[in-house]
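From just these sequences and the hints, can you work out the full model?
Residues per chain are reported as follows:
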Amino acid sequence: MLSKLDQWLARFELALAVCAMTALVVLLIAQVIFRYLLQSPLFFAEEVALLLLVIATFCGLSLLVFEGKLISVTFAALWLSKKADRWLRWAMQIMVLALALSLVVFAWRYLSVPWVWNERSATINLPRALIYAAVALEMVFLAFHQTVRCMRDVPWQPEAQVTPT
Amino acid sequence: MATRGAGDSDVITLATFFVFLLAGLPIIFLLILASISFAFERDAVVLFETFLVQSVKGIEATGFLAIPLYMLVGEIMNRGGITERLMRTSFRIVGGFRGGLAYVNVLTNAFAAAILGSATAQIAIMTRSVVPEMERHGYDKRFATGLTVATGLLGPIIPPSMLMIIYGVLAYQSVAALFIAGILPGLLVTLFFFVTVGLSRKQLPAVETPTETASTGSSVVLDALPVVIPATIIAGVVSGAMTPTEAGAIACVVALLLSVFIYRSLRWVDYVPVVKNVILASASVVALIGFATLLGWVLAYEGVPRLLAEALSSTAVGPISFLFLVCAVVFLLGMFLDGIGVLIVIVPILLPLAQVFGIDPIHFGVVLAVATLTGLVSPPVGPGLYIAMDATGLSLMQVFRGAFPFLVAFVAALCVIILFPDLSNWLPDVLGL
Chain Z
1 MLSKLDQWLA RFELALAVCA MTALVVLLIA QVIFRYLLQS PLFFAEEVAL LLLVIATFCG
61 LSLLVFEGKL ISVTFAALWL SKKADRWLRW AMQIMVLALA LSLVVFAWRY LSVPWVWNER
121 SATINLPRAL IYAAVALEMV FLAFHQTVRC MRDVPWQPEA QVTPT
Chain C
166 MATRGAGDSD VITLATFFVF LLAGLPIIFL LILASISFAF ERDAVVLFET FLVQSVKGIE
226 ATGFLAIPLY MLVGEIMNRG GITERLMRTS FRIVGGFRGG LAYVNVLTNA FAAAILGSAT
286 AQIAIMTRSV VPEMERHGYD KRFATGLTVA TGLLGPIIPP SMLMIIYGVL AYQSVAALFI
346 AGILPGLLVT LFFFVTVGLS RKQLPAVETP TETASTGSSV VLDALPVVIP ATIIAGVVSG
406 AMTPTEAGAI ACVVALLLSV FIYRSLRWVD YVPVVKNVIL ASASVVALIG FATLLGWVLA
466 YEGVPRLLAE ALSSTAVGPI SFLFLVCAVV FLLGMFLDGI GVLIVIVPIL LPLAQVFGID
526 PIHFGVVLAV ATLTGLVSPP VGPGLYIAMD ATGLSLMQVF RGAFPFLVAF VAALCVIILF
586 PDLSNWLPDV LGL
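Top line first, the protein sequences correspond to chains Z and C.
Positions 1 to 165 (this note's numbering) are the ones given, in order, by the first sequence.
Positions 166 to 598 (this note's numbering) are the ones given, in order, by the second sequence.
Everything hinted at is true.
Sample of chain Z residues at the chain C side, in silico, Cβ under 8 Å:
| no. | residue |
| --- | --- |
| 1 | Leu-61 |
| 2 | Lys-69 |
| 3 | Leu-70 |
| 4 | Thr-74 |
| 5 | Ala-76 |
| 6 | Leu-103 |
| 7 | Phe-106 |
| 8 | Ile-131 |
| 9 | Tyr-132 |
| 10 | Val-135 |
These are calculated hints, taken from the structure and not from any lab test.
Glycine residues also receive a C-beta, built at the ideal position from the N, C-alpha and C atoms.
What follows is the structure, given as C-alpha cells:
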C-alpha cells in the first residue's frame, strides 16, 4: 500500500517536473523570440522561469531520493563487511529522513508567521511564501519517499528483499 | 555551566562533517547537517527557521537558468550518438599517430567539453564508450580509464561551463567573458594531455588494430556537425546578441533540429526519458547550489569568512603566491566537498581578497574553476573516480593510478595559467567582453 502510494507520488512529481522543465525551456526560447525578433520582451519571463526552476529542482531532489540516486561517498563500503555496510547505509537513510523532516519543521515555523505572507514577487505579484510553501511540501514528499525506503531497506531482513540503490 | 568556545564548536562541526561524509551521507544532506550543526554549536538557532528560504534564494539567480538548458543540449546530443560522431571526427584528425586512440580520446573529450559542459557527465559518458573501444585495441584498461577520467576535466573549462556560470553569478561577473576566458586555458590543458600521452609510450600498444572509419564527404560533415552547437553559443555571447542563458535556449533548438531532422535519433517517445535525465542531473547541481549557499550564509553570519580571509592575507605576499595558496585550499576542500559546494562557499570569501591583490576577477574565476576540478578526481571523495569505477569495474586506486600522470599534467597546466594571466584575459580583452 505504502509502496504503491510512493510510486504514485513519484509519478506525479515526475509529471510536474517534466511540465515545469518544458515550460521553462519554452519560456526562455519565447523570450529570445520576443526580445530580438518582436522587440517586445516578456517582462515576467525571468521570474516565472526561476519559479519553474525551483519547482523542477525540488521535485527532482525528491525523485533523486525516490530512485536512490543522491550523490554520496561510498568510501566506507570498501572497508566494512557487507553486513556492517548495510547497517551503515540504513543509518544514513534515517539521517536523511531526520534532516528532511527538520527542514519541514523549520519551514512550517517560518510560514506560520503572518507577515511573511505579505512579501510579493516583483512581476507576477505572487506571495513569496507560496513558493516556500510549495518547496516545503516537496520536502514532505521527499520525507515520505525516504520513510518508505527506510522501511523497505531494514538491515535485519534477508538481503534479497532489499532494493538495490 | 561552562559554555563551549568558538574553537570547540568548529572542531565539533568539522568532526561531524567528516564522520558523516565518510559514512556515506549524501552530499546535499551533509551540507544541511553542517549548517544545522554549526548554527546549533554557535547558539544561532534563530537561523533555523529561514533555512529553506535561504536555500531557495540561493538558486534564484537568472544565471542558473542556463544550467538545465546546457544539460538538455548535452542530453539531446548524447541520444544522437554524439560520442561516436566526435570520436570519428577526432580519429580523422589524430588517429594516424602511434597511440592514435589515446589522442582521439583527448580530442574527443575536448570537443565533447564544448557541448556537455560538465565533467561528471562527460566522465560518465566517455568511460562507457571510449574505454571499451581502447581496451579492444590493446590499451591497458587502467591507462584508458585514467586518461578518460582526466580528459573529462576539460568539460568545465572549455565553454559552455557549469562552473563558469556558477562563478559568474556568485562573483557578479560576465558569464560570456568567463566562457571566452576558458578557451585558451582549455586548449593549454588539452596540449598538456597530448604531451603526456606522447610521453607514455610504454602504455601504448605497439600495434593498434585499425579502426574502420567511413570517410565519404557527407559522413565527414555529419560527424562534425555537432560543433555547430558550441559555435552558436560562442557566436551568440561574443557578439552580445544573447545572454548565456538565451544562447543555451537557442542551442537547445539547434540540438533538437539536428537530432530530429538530420540525425533522426530523437523520437517523441524519447521525450520524457530525456527530460527526466535533465531534471535529475539539474536537481543534483541546483539543489547543491541552494544548500551550499545555506552553509555559506551560516558561515558568513558567524564571521568565518573574515577569519579565513585574515589568515590568507597574512600568509600570501603577492598575487601569485595568493593564487597558489587559494589553489591549495581549494584542493584540500575539494578532497572532501563537491566542486560546486567549494566554489559557493569560498567565492564570497576570497574574491574581495583577490581584488585587493590586484587579480582580475575573470582570471581568478578561471583559476578557481580549474583548481576546483582537481578535487573531482582526488580520493577519497573524487566523484569522477567513483563514476569511472562504476563504469569499468576497476578499484578506486587503480583508476587513480591510471589518471595520476594526467593529473600531474593538469596541475602543471594550472600553474602555467596562474603564472600567465593573459591566457585567461587576452581573448575577452580582444573581443571587448
